[in-house]
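Enquirer: Assemble the whole structure, with the sequences as input and the hints as a guide.
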Amino acid sequence: MAKLHKKGKSGAAVNYITRNQALKKLQVTLADFRRLCILKGIYPREPKNKKKANKGSSAPATFYYSKDIQYLMHEPILGKFREYKTFAKKMAKVMSKGQYSTAKSLAENKPIYTLDHVIKERYPTFTDALRDLDDCLCMIFLFATMPKTDKIKAETVENCQRLAAEFQHYVLHTRSLRKVFLSIKGIYYQAEIKGQTITWLVPYQFSQDVPTDVDFRVMLTFLEFYQTLSGFVNYKLYSDVNLVYPPKLDLKLDEGGAGMNALIIESTQSTANIAQSINSSVAQPTSSTAASLSKEEKKRLEESEKRLRTLTNKIARIQESNGTDQASAESSTNDNDDAMDEFPTPLPNLDGTSSSTVTFSDIQRASQHLSQFQSLFSNCYVYLSREVPRYSLEFVLRACGSHVGWDPVLGEGSPFDENDERITHQISDRPTQGHRFLSRQYIQPQWVYDSINAGKILTTEPYHVGRTLPPHLSPFVEAKDGDYVPDANQFEGQTEDLEIQSDDEEEDEDEDEDEDEEEDEEEEEDAEHKDLHQRELEAEAKGVAFTEFEAKESKKKAKASKAEKETAATPAAAVTRSAAGKKRTAAEVEAAEAKELAKIMMTNKQQKLYNKIQYGKDKKAAEVEKLTKKKVELANTAAKSNKKAKK
Amino acid sequence: MPTTRPTKKAVAPASTAKARPAATKKTIASEPKSRKRTVQEAQRDSDDDEFGDVAIDMASDDEDMDGDVEDDDEDDEVDAFPEEEGQDMSAADLEDDNDEEEDSEGSYMDGDSIVDSQEENEGDEAEEDDIESDFGDLEDDIDPNFGHNLNEPRPVESDYNPIKREYPEIDPEYDSDSSTEENENTVGNIPMHWYDDYPHIGYDIHGKKVMKPATGDELDKFLSTMDDPDSWLSAHNFKEGQDVKLTAEELEIIRRLEGNRIPDADYNPYEDQVEFFTSKTEIMPLSAAPEPKRRFIPSKHEAKRIMKIVRAIREGRIVPRKSGHVPPKPKYYNLWNDAEDKPREEHVMHITAPKMKLPTHDESYNPPAEYLPTEEEIKEWNDMDKEDRPKNYLPQKYNALRNVPGYGQFIQERFERCLDLYLAPRVRKNRLNIDPESLIPKLPSPRDLQPFPTRLAVEYLGHEGRVRSVSVDPSGLWLASGSDDKTVRVWEVATGRCMKTYHLDELVTSVVWGPSKEVAVLAVTCGYKVGLILPEKIFSPELTLHSEEYLKAGFANSATSEVNPKATWKQPTPAEFEQGIRVWVHLQKPVKQVTWHRKGDYFATVAPDANNSAVLIHQLTKHQTQQPFKKTKGAVQRVMFHPTKPMFFVATQRYVRQYNLQRQELVKTMMTGVKWISSLDVHPAGDNLIIGSYDKRLCWFDLDLSSKPYKTLRYHQQAIRSVAYHKRYPLFASCADDGNVQIFHGMVYNDLLQNPLIVPVKILKNVHERIDALGALCVEWHPTQPWLISSGADHTIKLFS
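First to last, the protein sequences are chains A and B. Heads up: the first sequence begins at 1 in the UniProt record's numbering, then just goes up one per residue. Heads up: the second sequence begins at 1 in the UniProt record's numbering, then just goes up one per residue.
FYI, nobody ran anything at the bench for these hints, they're computed from the structure. If a hint is listed, it holds; no wrong ones were tucked in.
List of simulated lysine-lysine pairs, DSS-like, C-alpha gap at most 27 Å:
no., chain 1, residue 1, chain 2, residue 2
1, B, K355, A, K120
2, B, K708, A, K599
3, B, K355, A, K617
4, A, K620, B, K429
5, B, K355, A, K48
6, B, K329, A, K104
7, B, K386, A, K626
8, A, K93, A, K104
9, B, K304, A, K104
10, B, K675, A, K605
11, A, K612, A, K50
12, B, K397, A, K640
13, B, K645, B, K599
14, B, K442, A, K595
15, A, K612, B, K765
16, A, K51, B, K429
17, B, K592, B, K645
18, A, K50, B, K429
19, A, K608, B, K442
20, B, K711, A, K595
21, A, K595, B, K765
22, A, K605, B, K711
23, B, K331, A, K153
24, A, K619, B, K357
25, A, K480, B, K357
26, B, K765, A, K599
27, A, K50, A, K608
28, A, K612, B, K386
29, A, K93, A, K151
30, A, K48, B, K429
Expert: Okay, here's the thing in structure tokens:
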């Protein structure tokens with residue numbers, strides 16, 4: 001006979017535990033339990049069958065995973081909570097008796113818990129920690145702008161400010177900022193660190209009015225954890241790029257409102273380190289002659305390249321060290337940190353593999369793009385007027401290689417003043433600009449953000465002071481087919497040639513770059529043809545049949561052409577097309593009819609599912625239609641008003 | 001009474017007991033002896049007393065006089081004496097024998113000690129041993145120990161109780177409670193009326209009965225009270241059963257109690273407080289003991305405790321107070337080691353928190369104009385509950401960055417996110433990422449399943465009411481139709497020409513051509529009657545003639561046959577005959593449907609209102625009517641003859657039943673699963689049938705397969721009115737109130753293992769206009785061609801080819 005299964009001894013009944021049961025088991029108060037949950041990252045679950053999980057009762061209950069609770073039972077923090085409880089009792093007793101010396105010694109031995117182990121436990125690898133950094137940064141950046149209240153301590157705010165500044169410095173240093181977006185809620189930043197995209201939101205710097213309907217105990221518990229996490233992450237990030245952590249704080253600058261710049265970033269590099277890296281980098285490429293196509297190999301290849309890259313930089317830096325002044329040294333050393341060196345003649349050992357590896361040129365191209373992006377503003381000297389948000393613009397500009405100076409009102413530590421002749425752009429946000437230097441352009445802040453999102457320097461003309469700005473679009477939206485694509489910025493295609501009078505050499509460089517770009521484009525076209533062949537080969541390697549491959553290719557092409565058409569079509573054209581859509585061809589009619597007939601034979605389940613999917617699609621389509629319609633209407637009214645104005 | 005006495009008196013009996021050990025010693029367990037002895041003692045005692053008289057009341061007199069404790073006690077004893085005597089008197093008969101025996105022995109000696117008497121008893125028993133050998137063994141066992149265990153109860157023989165335990169006398173010096181000594185009655189605090197019916201009123205400490213004192217009658221009592229001047233000072237002691245004169249002290253106590261005063265006159269409730277610790281410092285200390293040595297030497301206990309701490313510090317269990325100069329542990333350090341760290345294994349129960357949604361274009365501070373909400377949208381958004389809003393912000397446009405204000409809900413939103421992270425239950429949900437088109441089944445192309453009707457070919461116009469029913473004659477040339485305008489029309493199929501119009505007096509619900517090619521007859525239902533019409537001049541003369549005779553034949557037969565009251569066969573009026581009507585069958589209820597047997601002799605009618613005679617089968621040639629069912633289960637909707645076998649299908653509201661007409665039994669019941677069947681058709685091969693229902697469903701039954709539908713299809717938007725199989729082609733059609741007609745390819749294979757193939761091939765949309773919620777009412781296939789004829793509520797009949 002098969003083993004009898006007792007009810008309630010396996011499956012959901014034992015997998016889940018209700019919150020009250022958990023409280024009883026752990027013998028903690030609800031408040032302590034919540035804190036534990038926050039710190040340990042334990043969250044309720046939704047069992048598939050609540051009745052089974054709740055021993056047959058269908059009463060509403062919060063369920064936790066039983067093992068989570070089991071692990072909590074021997075959590076050091078829980079012990080510390082209990083110790084703290086007794087400590088508080090002792091303290092109260094002693095204080096009521098007026099035994100202050102005892103109280104003092106008690107206070108010195110106050111139980112303090114640390115969260116190090118929790119962080120290691122929740123994020124076993126550094127990548128895990130980075131993946132979960134979004135919420136952490138949002139919180140840190142929020143509390144960095146919070147006023148001190150009875151609940152929020154001044155030290156907490158200060159610590160948050162420091163952690164935020166440290167992280168920003170890292171992003172600056174490694175030039176890992178990718179996207180920026182000015183929203184009504186605040187400024188979104190997206191950085192790419194070790195392959196992870198990290199997005200965080202920073203509120204506009206106004207004094208936050210602290211709401212009353214928010215439970216700050218919860219927020220502060222989260223913040224407590226996030227502070228620790230952010231500290232450890234910063235440590236790891238800094239030590240990975242050979243910087244001293246924690247960076248020292250320049251008190252004078254800090255008091256002067258220098259903000260982020262008050263931190264003194266120091267490098268830990270020594271010659272010994274470099275020698276080591278040389279050895280390793282030499283060793284690496286030779287080992288990769290095996291020319292296997294596995295992903296690991298590729299990764300290693302990348303790594304070695306990176307090392308090589310940094311190596312040359314380092315050497316160059318050592319050679320030109322001591323020459324530059326301290327103020328600009330910091331930024332200049334970081335200039336081409338991650339920029340990829342060009343290999344006019346690829347390394348001989350890699351050459352042999354190039355016929356079969358597509359990836360190398362791809363990687364090269366991608367990294368080239370990246371390095372271009374990272375040094376987007378490297379030829380710019382940008383001056384910030386006093387009405388623009390320095391906290392954001394300085395960060396964003398410097399993260400793309402610009403030199404930034406600012407009005408003394410915005411804080412101390414500006415590397416150059418308004419009269420500096422090197423300044424190419426002045427960012428100001430006022431209706432009219434009074435005094436103008438002819439050598440520079442006066443532009444609105446949005447230009448910076450749009451340029452970064454576009455990945456190239458846009459023409460400044462539409463962004464000049466006093467102009468109506470073009471719409472600012474979210475860089476996070478990836479339009480799929482069927483989505484509404486707002487009018488792409490008409491200026492996006494135009495890049496700006498920077499006129500830099502001071503350095504001829506730089507100009508030459510620029511020209512070179514331009515040429516490079518052109519070449520790139522040509523290359524891309526060539527590459528497309530080449531790519532086809534290579535992709536075929538790849539597909540063969542994967543074992544995809546040729547016919548399938550062909551079909552895929554044709555699909556891709558069709559999609560591409562469709563996309564092109566869609567982008568080319570103006571809304572008006574879209575309208576005419578939809579009108580034309582009413583006159584369908586016979587084949588279309590037949591197909592539609594066949595579909596309708598086939599739907600009859602669908603099972604009930606299929607029908608429901610189909611309808612559900614279709615509902616979502618229709619909703620989306622309706623949204624798109626609404627937007628296009630609105631746009632057409634707006635265009636019409638605009639045209640009418642224009643005509644009227646002309647008359 | 002004694003309880004109310006002052007306590008100092010209660011102590012007294014002990015001293016008296018000590019004073020007179022002999023007196024109590026003499027109370028012996030052995031009943032006859034002790035009695036005698038007490039009598040003697042009492043006598044001696046009384047001799048000692050001033051009064052030789054032993055009257056009860058008298059005895060109390062001297063108590064008052066001397067007030068001596070000892071005397072008091074003796075009084076009690078004296079009181080007890082007469083009881084003994086009373087008992088003696090009553091129990092005299094019982095004990096006489098014993099006394100005599102003892103007397104005859106002559107061993108009794110006055111004033112002997114207990115031991116002596118017991119020895120004597122031993123001797124007695126030795127003699128008894130001889131007399132009664134029964135107890136010999138027992139006596140032998142006891143003998144050797146006897147001298148040592150004096151306190152052991154000894155069995156004593158008496159005439160009514162063979163073995164009686166004799167208890168040793170209680171020595172008052174050791175274990176007797178002196179307080180109970182003079183209190184002879186030991187019954188305790190019980191209601192004394194329990195002893196009303198007995199001669200005694202309780203037991204003394206030795207377990208002997210305390211006899212009731214002799215009381216005279218009421219007159220004696222009265223006299224005694226009159227004689228005794230102190231009678232008013234005495235109280236009745238129920239325990240003793242006699243009056244006790246109260247002492248002066250007792251009377252005083254009573255007086256005080258009545259006056260709500262403390263009973264003891266000497267008691268001072270307000271005595272001066274005795275201070276244990278006074279405020280005054282005494283010159284001499286309470287204790288003159290010198291300071292102990294321990295005050296001058298170090299405490300060992302303290303040393304132990306300190307050493308414990310010292311040891312703990314040495315071992316590092318206790319960390320001494322941190323001194324300021326020790327650098328604190330670094331707050332942050334390298335927590336991760338890339339080489340060694342292993343990523344967490346994927347586990348089903350580990351669900352990472354979803355990331356925040358990334359902002360879209362409309363969140364921009366300067367979005368494209370089309371994203372800005374209109375005023376209605378703003379109002380709608382404001383009116384909505386916070387939880388219902390699709391997005392928690394309204395798109396807004398600022399023309400410069402300097403105009404952008406702080407976001408008011410920033411902290412709240414972050415807080416909500418925090419709550420989501422630790423309070424929201426997480427569940428893994430698999431997003432179905434499938435192409436909806438893949439759900440649509442692949443069907444053979446309709447083009448491969450031709451022929452089927454696709455387009456309108458002929459329209460038959462002329463009716464002025466809903467056309468309820470259409471039928472094509474077996475030759476396929478003529479079409480008959482019945483309508484709500486109370487006419488039946490016969491049309492030429494090919495041209496749409498109306499050949500004949502029959503005006504009837506009721507709505508025509510059903511029109512069916514006879515199936516036989518030899519007989520041209522049209523069955524028509526019209527109100528309560530069914531008419532059989534022979535359309536003239538459209539058929540060949542031979543056929544017409546043959547039909548005429550066929551129809552006439554019945555009347556000849558009907559004269560002989562018995563008349564069924566449910567249906568009467570009648571001749572038409574001459575005018576009607578002129579029109580072409582040949583026979584009328586009058587029924588009791590309105591007829592809704594008529595259907596022919598395949599041979600054309602029988603036809604069945606359905607009159608749903610006529611309970612058990614709802615279904616009737618009529619024979620044309622004999623003008624006979626049968627009622628096949630005695631009882632019908634449910635309201636009959638449709639009936640149908642099996643195309644090949646002697647079977648009959650009856651569709652009630654929810655079930656279809658198949659009956660064998662020959663064997664007259666139910667073959668099968670089909671569970672349709674629909675709410676209300678509207679129509680029924682049987683496949684020409686006879687193994688499949690379809691039903692249409694008012695709840696928009698069409699069910700296909702494979703009769704060999706199951707009693708449940710093989711396929712249930714729901715594609716009409718409104719109630720299905722009619723379904724029909726084609727006689728030759730694998731086609732079937734349905735029409736519904738939505739005005740649509742659906743055509744299916746329904747292939748039935750000869751192979752039993754192969755399921756029928758059902759493929760929808762054509763939807764004829766809006767064939768008939770919807771009038772009063774009615775659309776297409778009837779569909780009928782052409783008998784030979786793949787043509788479909790449909791009629792509808794818009795008064796038209798249409799032919800599709």
